[in-house]
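2 protein chains.
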Amino acid sequence: MRRELFDIPEGVIYLDGNSLGAPPKHVAERMQEVVKHQWGTRLIRSWSEGWWEAPQRVGDRVGRLIGAAPGQVVVGDSTSVNVYKALMGAVKGTERTEIVCDESTFPTDGYIAQSVASLTGLKIRAAHPSSLDLTEDTAVVLLNQVDYRTGALHDMKALTEQAHAVGAQVVWDLCHSAGVLPIELDALQVDFAIGCTYKFLNGGPGSPAFIYVPKHRQATFENPLSGWNGHREPFGMKPSYEPDAGIARARVGTPDILSMLALDAALDVWDDVDLAELRQRGLALTALFREHVEKLTNLEVITPDQRGNQISVRCPDARNVMDELIARGVIGDHRPPDVLRFGFAPLYVTDEDAIKAAETLAEITR
Amino acid sequence: MRRELFDIPEGVIYLDGNSLGAPPKHVAERMQEVVKHQWGTRLIRSWSEGWWEAPQRVGDRVGRLIGAAPGQVVVGDSTSVNVYKALMGAVKGTERTEIVCDESTFPTDGYIAQSVASLTGLKIRAAHPSSLDLTEDTAVVLLNQVDYRTGALHDMKALTEQAHAVGAQVVWDLCHSAGVLPIELDALQVDFAIGCTYKFLNGGPGSPAFIYVPKHRQATFENPLSGWNGHREPFGMKPSYEPDAGIARARVGTPDILSMLALDAALDVWDDVDLAELRQRGLALTALFREHVEKLTNLEVITPDQRGNQISVRCPDARNVMDELIARGVIGDHRPPDVLRFGFAPLYVTDEDAIKAAETLAEITR
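Quick note, the sequences are listed as chains B and R, same order.
According to our numbering, the residues represented by the first sequence are 17 to 382, in order.
According to our numbering, the residues represented by the second sequence are 17 to 382, in order.
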């Protein structure tokens, strides 16, 4: 849809945008401007010329892509750190006794949930989104909208309602869904959401993650990482922490400006993207790849119909097969023990890429 | 000492390296290489071509500047997040009842300490480094080596011994001392240290902070932010968190590679710097500025003789005076209510800068 805006090396079919998005062409130039002019020439003055507010400003840009009205998303820290903020915020003061964690989610969410459980005395229970068995003991459910291994898409509306029906809160991890399909956090009354920006949003390696705290939860949201950037008067140098009234209370320390402004630049390519159209292209690309894989190989596609922008294929010797694919210019990745993952970012992946990738996979595994 | 390596704009005397260091000239070019080649051409492959290990590799480079042998420093996250890790690690399992926090430290340290106290049930007590009154109730003391307002340098050796004498641990904040003077964390048996890299280390705006966990504490250090980057087998995708055996357990989520590699580039200018010589130049520059301020103005210098690379001057109407200084090309900053701060980074500040800055201050306040 926007391939001309991206730098994709000659001869490469890049199907790993679900792990690290490709760089929009203009990001390199923007980085020069940031390093040479903003940092080099303006020096400390740049903090009052746009840097300080960048986490909220870029947060609002992400917000538009996930159905969050302005003032509810802030960018900064890593996904893991934001999972921690969201879960600690969700269980604060609860008398409920369990945290339910999506057993199919990317492991870091579970690791952080274990730490939160251990610190707060709650129990942790792993469950699949298809059988959460929530009760009035459940304080919060941590769910991933798209399964990082299989590419399965979970039903955000139904699962959010399921949590709310027993009075539990829900934290959605959008790492594999932001930039994939229309998401309606506000409309679905999601309690918290977090996600990374370096996959389908193309923010760059390790670009800062985001957290969504809806307006009506902000006044009671306690950030366990009560750093000075979240203070209501950060330059007041007050001895006591008093959180900002709004989303800035989810900030912690000084934001990593170079990574943040690379993301800011990368988000330009989304400015006039219609997410419904994007979603159709993503479904078409993954369907096309799936069809060719099933026609040309004996491999099992483990991605269900309800899916994100990813097709996962069970394949013996997955690691070596992926090495060979990469050697032939088809870049995906693998997850142990036997899964090949192929991500389809509609902004820069074409139908020809999808067909050629399936053909190459067939050649290697035949 | 290395001014030719830095980009300082024509006509600017830059005395705010204690807040945001100036960029070494080659950082812009390195960023191009990182964005265009590492991210753009190598794409996901760069994760196994140096990115994954960057937090430890760059950590070792910082370690050399703070007296830490390799394998004990990791770079990532913000200072506030690292204060949290260090304090939570220090109080884990303690039966002692109080956290003592340097009342003169930069506020974020105290804010985070308050959160740690509140989560763990310990009490927090603010005290000045000159009268800590530690007891066998003290679990940990959080101290800043250089006072961000006055520039006062505290005695790391004496204060560390004072803490250890009652069986307390000590966490040192090196934000205003790393890159200022020789620091001997290993030799002084410091328990934990953290610090930022964007002040005297010139890592760039919001460049990632660091944490020092000495070898002998690593096996028992529990990182409350148990993200997948700290796992002993991060790509094993195991359901349970098992920390890395070494310093990598202090890692959390995916590191912000652009900011990290800008810092990496910036550290090149330190490669052959003799820290004892640097210290002498810092003392000479601050003495020269102080002497001229005291000779030419009626303003009170509040920085004591035991100092970092900073001279602080009490000045009525500090905010407007600093605005006028900046308008005349002398860039420092102010801290409420009435303190002007001038930082002297010996790598790029000259004697002429120090004299001219004092003269300009005198012109404005006479």
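Derived from the structure by calculation, the hints contain no laboratory data.
Please note that the accuracy of each hint is not assured.
Derived CB-CB ranges, DEER-like [to be verified]:
id : chain 1 : residue 1 : chain 2 : residue 2 : range
1  : R       : D171      : B       : E258      : 31 to 41 angstroms
2  : R       : D284      : B       : E368      : 34 to 44 angstroms
3  : R       : E119      : B       : F251      : 44 to 54 angstroms
4  : R       : P255      : B       : K41       : 38 to 48 angstroms
5  : R       : D288      : B       : E238      : 19 to 29 angstroms
All C-beta atoms, glycine included, are put in the ideal place defined by N, C-alpha and C.
Evaluated hints:
One distance hint, 31 to 41 angstroms for the beta-carbon pair R/D171 and B/E258, holds here, with the actual separation near 33 angstroms. A hinted range of 34 to 44 angstroms holds for the C-beta pair R/D284 and B/E368, which are about 43 angstroms apart. One distance hint, 44 to 54 angstroms for the beta-carbon pair R/E119 and B/F251, is violated here, with the actual separation near 19 angstroms. With their beta carbons about 40 angstroms apart, R/P255 and B/K41 fall inside the hinted range of 38 to 48 angstroms.
Range check, R/D288 to B/E238: about 47 angstroms between beta-carbon atoms, so the 19 to 29 angstroms window is missed.
The structure fails hints 3 and 5 (numbered hints given earlier, in ascending order).
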